[in-house]
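S.K.: Chains as they are written, first to last, in the numbering used here: chain A, 1 to 204; chain B, 1 to 214.
Source of the hints: derived by calculation from the structure; they are not laboratory data. Careful, some of the hints might be misleading.
[What the hints assert, rightly or not] Among the chain B residues that face chain A by a calculated CB cut under 7 Å, a handful are:
| no. | residue |
| --- | --- |
| 1 | Arg4 |
| 2 | Arg8 |
| 3 | Glu67 |
| 4 | Leu76 |
| 5 | Gly77 |
| 6 | His78 |
| 7 | Leu84 |
| 8 | Thr88 |
| 9 | Arg182 |
Just so you know, even glycine gets a beta-carbon here, dropped at the ideal spot from N, CA and C.
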Amino acid sequence: MMQGSVALRIYANKLACRRGDRLLFRKLSLELGPGEACHVTGANGSGKTTLIRTLAGLNAPFTGTAQCEGAIGLMDERTGLDTEQPVGRALDFWFAIDGTSDRETVLDRLGLTSLIDVPVRYLSTGQRKRAGFARLLGQGAKVWLLDEPLSGLDTSSQELVRELIIEHLDNQGVALIVSHQSLPLPGLKTLAIEDFAAEPEHLP
Amino acid sequence: MILRLLKRDLAQFFPFSGGGAALPVIFFVAVAMLYPFVVGPDANTLSRTGGGVVWIAALLAAILPLERLVARDIDLGHFDQLRLRGVTEEAMMAVRVLAHWLSFGPPLILATFPAAALLQLDGPTLHLVLIGLLAGTPGLAAIGLMIAALTASLRAGAALSGLLLIPLALPLLIFGAGALARQDAASLGFVAAISLGLVALTPFAAGAAIRAVR
Numbered sequence: 001m002m003q004g005s006v007a008l009r010i011y012a013n014k015l016a017c018r019r020g021d022r023l024l025f026r027k028l029s030l031e032l033g034p035g036e037a038c039h040v041t042g043a044n045g046s047g048k049t050t051l052i053r054t055l056a057g058l059n060a061p062f063t064g065t066a067q068c069e070g071a072i073g074l075m076d077e078r079t080g081l082d083t084e085q086p087v088g089r090a091l092d093f094w095f096a097i098d099g100t101s102d103r104e105t106v107l108d109r110l111g112l113t114s115l116i117d118v119p120v121r122y123l124s125t126g127q128r129k130r131a132g133f134a135r136l137l138g139q140g141a142k143v144w145l146l147d148e149p150l151s152g153l154d155t156s157s158q159e160l161v162r163e164l165i166i167e168h169l170d171n172q173g174v175a176l177i178v179s180h181q182s183l184p185l186p187g188l189k190t191l192a193i194e195d196f197a198a199e200p201e202h203l204p
Numbered sequence: 001m002i003l004r005l006l007k008r009d010l011a012q013f014f015p016f017s018g019g020g021a022a023l024p025v026i027f028f029v030a031v032a033m034l035y036p037f038v039v040g041p042d043a044n045t046l047s048r049t050g051g052g053v054v055w056i057a058a059l060l061a062a063i064l065p066l067e068r069l070v071a072r073d074i075d076l077g078h079f080d081q082l083r084l085r086g087v088t089e090e091a092m093m094a095v096r097v098l099a100h101w102l103s104f105g106p107p108l109i110l111a112t113f114p115a116a117a118l119l120q121l122d123g124p125t126l127h128l129v130l131i132g133l134l135a136g137t138p139g140l141a142a143i144g145l146m147i148a149a150l151t152a153s154l155r156a157g158a159a160l161s162g163l164l165l166i167p168l169a170l171p172l173l174i175f176g177a178g179a180l181a182r183q184d185a186a187s188l189g190f191v192a193a194i195s196l197g198l199v200a201l202t203p204f205a206a207g208a209a210i211r212a213v214r
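So that you can see chain A by itself, here it is in the shape it has in the complex (with noise of 0.2 Å):
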């Protein structure tokens, strides 16, 4: 690593993708730095999730590489907090391995200071989706991989959401989004993952 400013960047190189034995994309390639941000659309089952795991580390590439430079925030359906937990407990046990200061600001920005005591498991989809966030939050991570952050959440919570995105690349960031909603973002690229279909017949 360089010193004084350290590389980040999202980064994937003629990438191909399959789930069980069925090739989901291929020669998929893009490349974002600090500051810039993409939406990838595509249907139902057409890799974005497995795009964003690929690109996380969690899942292995078919072909091509796939990598991300900086520390990585994976925001998905899985909040990775524990359901049997109060809210406060069950993201203090993330904030304590992340090491974050500002507890009360993350809790206070996206509405949970009333929630702390109740257990997850009681919370609806969109207190529980800002509850991730919220853990998101609190990593500090520079890299944001974000598979459908709008979904399930009221429009004020849209709203939210895009404005901690919009903060999150003010602040050098970057963010890959997946989501079939539209999200208006100034300077957002996007990404149709059909583009990059494989045809049945045409394997590499």
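Once you have looked at the hints, place chain B on chain A.
M.R.: Just chain B now, kept in the frame of chain A:
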């Protein structure tokens, strides 16, 4: 980091923390309580066969917590988030096998005292059972975690894991209960050796298993 993980895993598994975690211990004592009713109160029969019953009860009690060991945290995305923070699957599973053993090994060993009273075990037998369980329960915990990780993605995983544990735990049972038959602690060395081997193997086997279902 490791200590934080251990603390969380313990809070999740430990008896009396809610969530039915005390079930293995209650089950264990219940078997010891029912046995005299079934075979009759003859002290001779009880003390001759009681040690073996304690072993069987311990083995069956080890099956009960398996369901909660791994599958839930996969569903939560807990392991994914830890992986992104640079914790290896092997480290997660090493912590978990320790937490799992702490949550059911020592409680079972303590519960052996009331069980021994119910089964009218004599002093030397109780002694052998206690040492045997101390040597054997880490092995049971290790087998349990391996099976829980391997079956985590299966729909009928919970039912299957019980069936898988029994044959794998057989060596522990044979040497552990064998020591009682001959009133000789020598074979408990084998129990300890098998246990250690299993504990050493588990982080790698279980770690590979949760990587594979990701």
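S.K.: Would you list, in rising numerical order, the hints stated earlier that this structure does not obey?
M.R.: 3, 8 and 9
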